[in-house]
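Peer 1: Now for the letters of each chain:
Protein chains: 2
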Amino acid sequence: MPKTFTSVPGAVVAARGFRAAGVFCDIKRLGTGKGSNKGAKRDLALLVSEVPCSAAGMFTTNQICAAPVKVCVSRMAKGMAQAVVINSGNANACTGKQGMKDALAMTRLAEQALAISEGYALVGSTGRIGVLMPMENVTQGIQAAAIELGSTEAHAAQAAEAIMTSDSRSKSLAIEFKLGGKNVRLGGMCKGAGMIQPGMSANGARPAALPGIPPGLHATMLGFITTDAAIEARTLQMALREAVANSFNRITVDGDMSTNDTVLVLANGLAGNTPIKQLAKSELGRNYKAFQAALQHVCLELAKMIVRDGEGVHRVVTLRLSGARDTAEADAAVRSIANSALVKTSWHGGDPNWGRIIDALGYSSAYVEEAKVDIGYSTPGSRQVLWSLKRGQPTSATFAELCAAAAPSEFDLHVRLNLGKGSAVLYAADLTEAYVEYNKGDVGDPTTLGG
Amino acid sequence: MPKTFTSVPGAVVAARGFRAAGVFCDIKRLGTGKGSNKGAKRDLALLVSEVPCSAAGMFTTNQICAAPVKVCVSRMAKGMAQAVVINSGNANACTGKQGMKDALAMTRLAEQALAISEGYALVGSTGRIGVLMPMENVTQGIQAAAIELGSTEAHAAQAAEAIMTSDSRSKSLAIEFKLGGKNVRLGGMCKGAGMIQPGMSANGARPAALPGIPPGLHATMLGFITTDAAIEARTLQMALREAVANSFNRITVDGDMSTNDTVLVLANGLAGNTPIKQLAKSELGRNYKAFQAALQHVCLELAKMIVRDGEGVHRVVTLRLSGARDTAEADAAVRSIANSALVKTSWHGGDPNWGRIIDALGYSSAYVEEAKVDIGYSTPGSRQVLWSLKRGQPTSATFAELCAAAAPSEFDLHVRLNLGKGSAVLYAADLTEAYVEYNKGDVGDPTTLGG
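Keeping their order, the protein sequence lines are chains A and B.
Counted from 1, the first sequence has number 82 at position 83 by numbering that gives the first Met the number 0; the numbering is strictly sequential.
Counted from 1, the second sequence has number 227 at position 228 by numbering that gives the first Met the number 0; the numbering is strictly sequential.
These are computed hints drawn from the structure, not numbers from a lab.
Mixed in with the good hints there might be a few duds.
[What the hints assert, rightly or not] Okay, derived cross-link-like pairs now, DSSO-like style, lysine-lysine, Cα gap no bigger than 27 Å in a straight line:
1) LYS371(A) x LYS69(B)
2) LYS371(A) x LYS389(A)
3) LYS40(A) x LYS420(A)
4) LYS420(B) x LYS389(A)
5) LYS420(A) x LYS389(A)
6) LYS69(A) x LYS27(A)
7) LYS40(B) x LYS27(B)
8) LYS303(A) x LYS371(A)
9) LYS69(A) x LYS181(B)
10) LYS100(B) x LYS96(A)
11) LYS389(A) x LYS69(B)
12) LYS96(A) x LYS371(B)
13) LYS276(A) x LYS181(A)
14) LYS288(A) x LYS420(A)
15) LYS77(A) x LYS96(A)
16) LYS100(A) x LYS69(B)
17) LYS371(A) x LYS96(B)
18) LYS288(B) x LYS276(B)
19) LYS389(A) x LYS27(B)
20) LYS276(B) x LYS77(B)
21) LYS389(B) x LYS40(B)
22) LYS389(B) x LYS27(A)
23) LYS77(B) x LYS288(B)
24) LYS371(A) x LYS100(B)
25) LYS40(B) x LYS389(A)
26) LYS69(B) x LYS96(B)
27) LYS288(B) x LYS420(B)
28) LYS177(B) x LYS288(B)
29) LYS100(A) x LYS27(A)
30) LYS27(B) x LYS100(B)
31) LYS181(B) x LYS288(B)
32) LYS389(B) x LYS100(A)
33) LYS77(A) x LYS288(A)
34) LYS69(A) x LYS288(B)
35) LYS288(A) x LYS181(A)
[Claimed, not checked] The following residues of chain A were derived to be distant from chain B, with all beta-carbon distances above 10 Å:
36) SER6
37) VAL50
38) ALA232
39) ASP255
40) SER339
Note that the Cβ used here is the ideal one computed from N, Cα and C, for glycine as well.
Just chain A, same shape as in the assembly (with noise of 0.2 Å):
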């Protein structure tokens, strides 16, 4: 961690002014119980600051996009939130008009529980997808959550477990830094493990050409972030846009981008730092840049462990890739090796094949030259690379070496194309048994549904 950023506790109730909760309402209806919590997970959380803040958001580019997504794309308009509801274990998606309904009737439940003000709730959902959202359960879920919230480490980890679905542990962290000479506190928490490949816009359409979202790509995952900063909502919004580019999609698992994927932050203020505003980029001073580092810090974090909690997944690898003729061509020869199936389970299988690698290179959208490629490894973060191929021929590595350098859980797989300045990082996993055995399910089980 920089050293300017200090680790600290609280997660998503860090800041100040922040309150979490997390309850069993049993949204899958699995009987054990209703707006209680007996033992199963807990599957609805709540959210809220104690005044209103400055929202942004970040969402799905898949067309096929959930009731909530449209409903907090509605809301960015205003700039201006100050609760997130959010259930696990149906996603409300494909559910059409009553979906609709719904989600913005979980949004009116959460106003009143909360007292808040008409239009000032989010929400997110994730779970099976085309299914309709018991409502009697989630009206007794959220009474329920607006009764337990509290600022303490167990209410934010009890609101990161209500948000799981196939993830086996919550992912939460929260940091502080100084913000024009006050403390300011940063935290989040975040889901996903499955269709995992966020793409993910401002609006939810598709850009056209927005680094590290190329048309056509493909989780549900899902990132709350809250702050005591100061902060001015469209300036809030464009720190979110560059930290989620160098973040949550920068990273897949499966490849399969969700309906659902969704990140909000809300930005409260009371930290009572000069309120960063700007009118045009270039306006843009010091403390925006140490309020967007330290955003883009925590969304990494969150999202490198959504790829370590993947499904099924053995080995995190972090491809670094240089050379490309352009930026858009260095993201499609990254994402071309990370979905690989037999690249994927090359890495399962600690195989440093670099055949595979070279041949999800060559079929790539990016343009390549076999006798201009390298191929190396390193630890993380290292810039000691164990080069297997340098220039389209085997280096004079041996087999054991280059099997030593595959072998930890955790490596980076550097390639270099030598063509122009285009680069891109990628946090990528393996493809187990596990995945397969997880996601082909249980045909008596319709739960299985993802999304």
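The hints should help you fit chain B onto chain A, whose structure is shown.
Peer 2: Chain B only, in chain A's frame:
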């Protein structure tokens, strides 16, 4: 099989004037024998016509392209050939200048052993990437095969076995049909099980917009077809291009396009029909259509054998999509579904999960509207569809009914986008633990390198 085609024995030697052989020469240097066949799988095949043939070929569009592919592309210019030498165990890909020398040496060795004109032998390779060909073994193999040549079913079977890599069984067939009053035969053999999503073009160059070969798509599949039809080379190439666009380029096992994909056709004219030729497409007559239909039939049957024998494949799914805005979008949509890890694992589980299918549609580069999508199941080739989703809404079909429809080892998945007239068919497969198990390989065994 259409009534006009009669199945005949003999595969690649069914047509008049062709001979074949398959021998073991230890190309992987297992050390179990040299130039002999002591129980190990054959690994070198020869195929030869008694007279020079019109020749046509289609080749991988992967930018990383093996030496034998480059040699064939170059020799296609004259449209004439008389023999093919094929090895398994080594792809001769990423082998630089020595690789090109070795590929050319293989053709020269074949030409000498067969006493045919220089430049009249073609070459195909499949196996490990990045390893130089063991030319001593190959030389012995070519000489041994030239002695073994014959035109019995056993000879064809030995050749078909020699080109296998991870294939569990050899793949071949032959048909007889009438052409201008003459009995014509057309037979073929192919191999391929993993690294399968061919996108071949006539010269290996990426077409801007050739139907069935979207840029950036992703087997070694090798196919060799022989016929005694008389057909001019340029017309043969036209017939093959169309046949491959509707067969080998319409399959995917794992979405990975190989460095070595090759389909070659040799037509020696010994059937004695009036040679098929044309100056413009408008001049194509009934005989061309009959020949093209026969060629396409054989290519499609061979292509389907590859999917059925795909690595670890338990279920084969024929995707039939219609109603896209255009053909390119239809193709993008079916490939997005067919290559989704979540869709493929649900097929493995026999799970009629339309949520994952519509999710994959949504992130494809094809335009889709949730409220217009239909998804359904039928038995192979049937028009009696059990719809699970109509106009974005679940139908009254029960989960048990849908599970029954997704249970057979082969079924058709119908998708209608209801937007336009673009349609596409893709022959796809599930993703199983066995695929992962096979491809994670054994790190102690570097022979798992694909290509």
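Peer 1: Each hint should be assessed against the structure and marked as holding or not.
Peer 2: These are the hints, each one checked on the structure:
Distance check on the hinted pair: LYS371(A) and LYS69(B) sit about 18 Å apart at the alpha-carbon level, within 27 Å; holds. The straight-line distance between the Cα atoms of LYS371(A) and LYS389(A) is roughly 7 Å, inside the 27 Å bound, and the hint therefore holds. Note on LYS40(A) and LYS420(A): the hinted pairing is violated, with a Cα-Cα distance of about 48 Å set against a maximum of 27 Å. Between LYS420(B) and LYS389(A) the alpha-carbon distance is near 48 Å, which puts this suggested pair outside the 27 Å criterion.
Taken as a hint, the LYS420(A) and LYS389(A) pair is honoured in the structure, with Cα atoms around 18 Å apart against an allowance of 27 Å. Taken as a hint, the LYS69(A) and LYS27(A) pair is honoured in the structure, with Cα atoms around 22 Å apart against an allowance of 27 Å. The straight-line distance between the Cα atoms of LYS40(B) and LYS27(B) is roughly 11 Å, inside the 27 Å bound, and the hint therefore holds. Proximity of LYS303(A) to LYS371(A) is assessed by CA-CA distance (about 30 Å); at most 27 Å being required, the pair is judged violated.
In summary, the hint linking LYS69(A) to LYS181(B) is not supported, as the alpha carbons are separated by about 65 Å, beyond the 27 Å threshold. With a C-alpha separation of about 66 Å, the suggested pair LYS100(B) and LYS96(A) falls outside the 27 Å cut-off, and the hint is violated. A distance of roughly 22 Å separates the Cα atoms of LYS389(A) and LYS69(B); the hinted pair therefore holds under the 27 Å criterion. A hinted pair counts as satisfied when its Cα atoms are at most 27 Å apart, and LYS96(A) with LYS371(B) qualifies at roughly 14 Å.
With a CA separation close to 16 Å, the supplied pair LYS276(A) and LYS181(A) stays within the 27 Å bound. A C-alpha spacing of about 24 Å is found between LYS288(A) and LYS420(A), which places the hinted pair at or below 27 Å, so the restraint holds. Between LYS77(A) and LYS96(A) the CA atoms are separated by roughly 24 Å; this keeps the pair inside 27 Å, and the hint holds. A distance of roughly 60 Å separates the Cα atoms of LYS100(A) and LYS69(B); the hinted pair therefore is violated under the 27 Å criterion.
With a C-alpha separation of about 14 Å, the suggested pairing of LYS371(A) with LYS96(B) holds against the 27 Å cut-off. Between LYS288(B) and LYS276(B) the alpha-carbon distance is near 12 Å, which keeps this suggested pair within the 27 Å criterion. Proximity of LYS389(A) to LYS27(B) is assessed by CA-CA distance (about 24 Å); at most 27 Å being required, the pair is judged to hold. Of the pairs offered as hints, the one joining LYS276(B) and LYS77(B) holds, with about 16 Å between alpha carbons and a cut-off of 27 Å not exceeded.
Proposed proximity of LYS389(B) and LYS40(B) is contradicted: the alpha carbons are some 50 Å apart, above 27 Å. Taking the CA atoms of LYS389(B) and LYS27(A), the gap is near 24 Å; set against the 27 Å cutoff, the hint holds. In summary, the hint linking LYS77(B) to LYS288(B) is supported, as the alpha carbons are separated by about 24 Å, within the 27 Å threshold. The straight-line distance between the Cα atoms of LYS371(A) and LYS100(B) is roughly 20 Å, inside the 27 Å bound, and the hint therefore holds.
The straight-line distance between the Cα atoms of LYS40(B) and LYS389(A) is roughly 34 Å, outside the 27 Å bound, and the hint therefore fails. For the given pair, LYS69(B) sits about 12 Å from LYS96(B) by alpha-carbon distance, which is consistent with the 27 Å threshold. For the hint linking LYS288(B) to LYS420(B), the alpha-carbon distance of about 24 Å falls within 27 Å, and the restraint holds. With a CA separation close to 12 Å, the supplied pair LYS177(B) and LYS288(B) stays within the 27 Å bound.
The suggested pairing of LYS100(A) with LYS27(A) holds, with an alpha-carbon distance near 19 Å, which does not exceed 27 Å. Proposed proximity of LYS27(B) and LYS100(B) is supported: the alpha carbons are some 19 Å apart, at most 27 Å. With a C-alpha separation of about 15 Å, the suggested pair LYS181(B) and LYS288(B) falls inside the 27 Å cut-off, and the hint holds. Proximity of LYS389(B) to LYS100(A) is assessed by CA-CA distance (about 21 Å); at most 27 Å being required, the pair is judged to hold.
Proposed proximity of LYS77(A) and LYS288(A) is supported: the alpha carbons are some 24 Å apart, at most 27 Å. For the hint linking LYS69(A) to LYS288(B), the alpha-carbon distance of about 52 Å lies beyond 27 Å, and the restraint is violated. For the hint linking LYS288(A) to LYS181(A), the alpha-carbon distance of about 15 Å falls within 27 Å, and the restraint holds. Distance to chain B confirms SER6(A) as a non-interface residue, since its nearest Cβ pair spans about 34 Å, more than 10 Å.
Once the 10 Å rule is applied to beta carbons, VAL50(A) is consistent with being away from chain B; the minimum gap is 37 Å. Its beta-carbon lying about 28 Å from the closest one in chain B, ALA232(A) satisfies the requirement of being farther than 10 Å from that chain. Non-interface status of ASP255(A) relative to chain B is broken: a Cβ of that chain comes within 10 Å, the nearest being about 5 Å off. Residue-level check failed: SER339(A) sits 6 Å from the nearest beta carbon of chain B, not beyond 10 Å.
The structure is inconsistent with the numbered hints 3, 4, 8, 9, 10, 16, 21, 25, 34, 39, 40, although it conforms to all the rest.
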